[in-house]
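> Please model the complete structure; the sequences and the hints are all you need to start from.
Which chain is which? The protein sequence lines are A and B, in order.
According to my numbering, the residues represented by the first sequence are 1 to 111, in order.
According to my numbering, the residues represented by the second sequence are 1001 to 1154, in order.
Treat the hints as calculated values from the structure; they're not laboratory data.
Given the structure is predicted, the values throughout are model-derived calculations rather than measurements.
Treat the hints with care, since some could be wrong.
[Said to hold, decoys possible] So the derived label-pair ranges between C-beta atoms look like this:
# : chain 1 : residue 1 : chain 2 : residue 2 : range
1 : A       : 102       : B       : 1121      : 29 to 37 Å
2 : B       : 1078      : A       : 27        : 19 to 27 Å
3 : A       : 108       : B       : 1077      : 39 to 47 Å
4 : A       : 70        : B       : 1112      : 25 to 33 Å
5 : B       : 1022      : A       : 7         : 47 to 55 Å
The beta-carbon is built from N, C-alpha and C at its ideal position, and this holds for glycine as well.
So the chains spell out like this:
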Amino acid sequence: MQLTSAEMSNVVVFTLSGRLDAYTAPGLRRQLFAAIQQGHYRLVVNLGDVPLIDSAGLATLVAGMKHARQQQGDLRLAALQPGVRMIFEMTRLDRAFEILDSTESAVTSFN
Amino acid sequence: MLKQGRRPIETPKDASLQGQEKIQVSFPADKKYLSLIGAIVQEVCGHVPGLPISSSYNVELAVNEAVVNVIAHAYRDDPSQIVQLDFHICPDRLIIRVRDWGLSFDPASIPEPDFSYPQESGYGVYLIRQLMDDVSYEPGTVDGNCVTLVKLAE
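If you want it as structure tokens, here you go:
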């Protein structure tokens, strides 16, 4: 999985490419927690190029979201593929996260 | 473990039954091979008559979850151990057996997630049950611990 990050309007945007699974999720977890530790509490994860997320990937996103919210921030998701969205609905996590269609709308949603 | 309203699904244990083809894959218990396993599962699904593409996605994820459970729980993340996948391609279904020779655990002991709040664990076994048409578990057989996953073709 490839992972890039950028800052837009005081929001840190992580863009993933490839599977978010038990092998690749720890790398994302490290990046998310590093950002929070550095004082960035508004996070967006763009999943537009992620075809599959497993339970470890879900756990990482939940952990990041909870941590960010503890600091009065949030971790929001953008551009879920249909298969990934199905898994979020199956686990009811689609109700726990703010999920937007694009990075831009996810960043804007913080304002 | 059957979904509500479903008739019991008979799962043949013998690969020599008529109309069935068997593919066997063994690999180290290392999470770096998850994407490789996923690609193999997708390709195998393409050989099952009548199995829609949407089902192959579900099967790929279910197998991923089962393999992760084996690596983490049966083998405690020891990459020197072996995970074996047996694919039985049948005229009307795909049967996948995930075998290990490590510590056994009972998936029935894993409770369903509490959906009232987001959790950081516990979705794996639940997803396997939701994504497959039948799931059964046989610990401690002559051929190791075995999780059997069944997906019916439509």
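> To test your reading of the hints: which numbers does this structure violate?
The structure conflicts with no hint, since it agrees with every one listed earlier.
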